[in-house]
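Student: The primary structure of each chain is shown beneath.
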Amino acid sequence: MEDIEETQMLAERWEGDRIKWIKWMLLGFMLWDGARISEKYLFPGQYEFVLAPMIAIGTIIWMVGMLKLSQLSKLLKKNKQLNIILNDEMIVLHRLKAFTTGFYALVATQVLIQFISYSHPFSSILAADISIFVGVVSAGVAFIVYHR
Amino acid sequence: MEDFELMNTIKVERAKRNMSQADLAFQISVSRKTINTIETGKFVPSTIIALRIAQVFNTTVESIFQIKEPL
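From first to last, the protein sequence lines stand for chains A and B.
Heads up: the first sequence begins at 1 in our numbering, then just goes up one per residue.
Heads up: the second sequence begins at 1001 in our numbering, then just goes up one per residue.
These aren't lab readings, by the way, just hints derived from the structure by calculation.
Remember, predicted model here, so these are calculated numbers, not experimental data.
Wrong hints could be hidden among the right ones.
[Stated by the list, open to error] Listed below are several chain B residues computed to face chain A (Cβ distance under 7 angstroms; list not exhaustive): (1) Lys1016; (2) Asp1023; (3) Val1030; (4) Ser1031; (5) Thr1034; (6) Gly1041; (7) Phe1043; (8) Ser1046; (9) Phe1057.
By construction, the Cβ of each residue, glycine as well, lies at the ideal position given by its N, Cα and C atoms.
Generate the whole structure from the sequences, applying the supplied hints.
Tutor: Structural data, given as structure tokens:
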């Protein structure tokens, strides 16, 4: 009985940690990539005193999030039962739905960019940067929302 | 298919056996959250999970899960 409670408690704690680090990773990515895109295309050579620290802080937060998530995934690989519990069919479904949301958001962004490009010249690198940003952020946010 | 609602008696069966959501979750290797979402009808489980739940309660899937017909 204690074993059951202990396993479930650990599963819930690790599940909480996973969501927490996904949130931090997403925040870091948004800061890093958002500031990078702004610095490169919207305000080249301007507001560097704001954008450069944002890029640096975003990179650190993103990397810490990635590191923590990979540590968690290593821990899960060592504990087979928790690995199964924390990757059960509901989580797999949420993951799939989040990827689908990300994919459709990416396609919608591409369509929007294509329409804009008829009247305003749009560089292909900027289009790719924006698409990746929207795709990753929408997939991440969708996972957090589905898994509330 | 959208008009159909999946009802279940998991909560009742658990109560009969004095079993917590965590106990049931542990026995079928899913998270407690998954059991909670199945119980409240937010998540429709796969056949495998439904069969495993029925197995734990030593009964049939039909006695645990019922489809609520649309009015």
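Student: Look at each hint and say if it fits the structure.
Tutor: Status of the hints after comparison with the structure:
Hint on B/Lys1016 is violated. Least Cβ distance to chain A is approximately 18 angstroms, over the 7 angstroms limit. Proximity of B/Asp1023 to chain A holds as hinted, the smallest CB-CB distance being about 6 angstroms (cut-off 7 angstroms). For the restraint placing B/Val1030 at the interface with chain A, the shortest Cβ-Cβ distance is roughly 4 angstroms, inside the 7 angstroms limit, so the hint holds. Because the beta carbon of B/Ser1031 sits about 5 angstroms from the nearest beta carbon in chain A, less than 7 angstroms, this interface hint is met.
Using the Cβ-Cβ criterion of 7 angstroms, the hint placing B/Thr1034 at the interface with chain A is satisfied: the shortest such distance is roughly 4 angstroms. Proximity of B/Gly1041 to chain A is violated relative to the hint, the smallest CB-CB distance being about 13 angstroms (cut-off 7 angstroms). At a threshold of 7 angstroms, the smallest CB-CB gap from B/Phe1043 to chain A is about 6 angstroms, leaving the interface hint in force. Of the supplied interface hints, the one on B/Ser1046 holds, with its beta-carbon coming within about 6 angstroms of a beta-carbon of chain A, less than 7 angstroms.
With a least beta-carbon distance of about 17 angstroms to chain A, the hint placing B/Phe1057 at the interface is violated under the 7 angstroms criterion.
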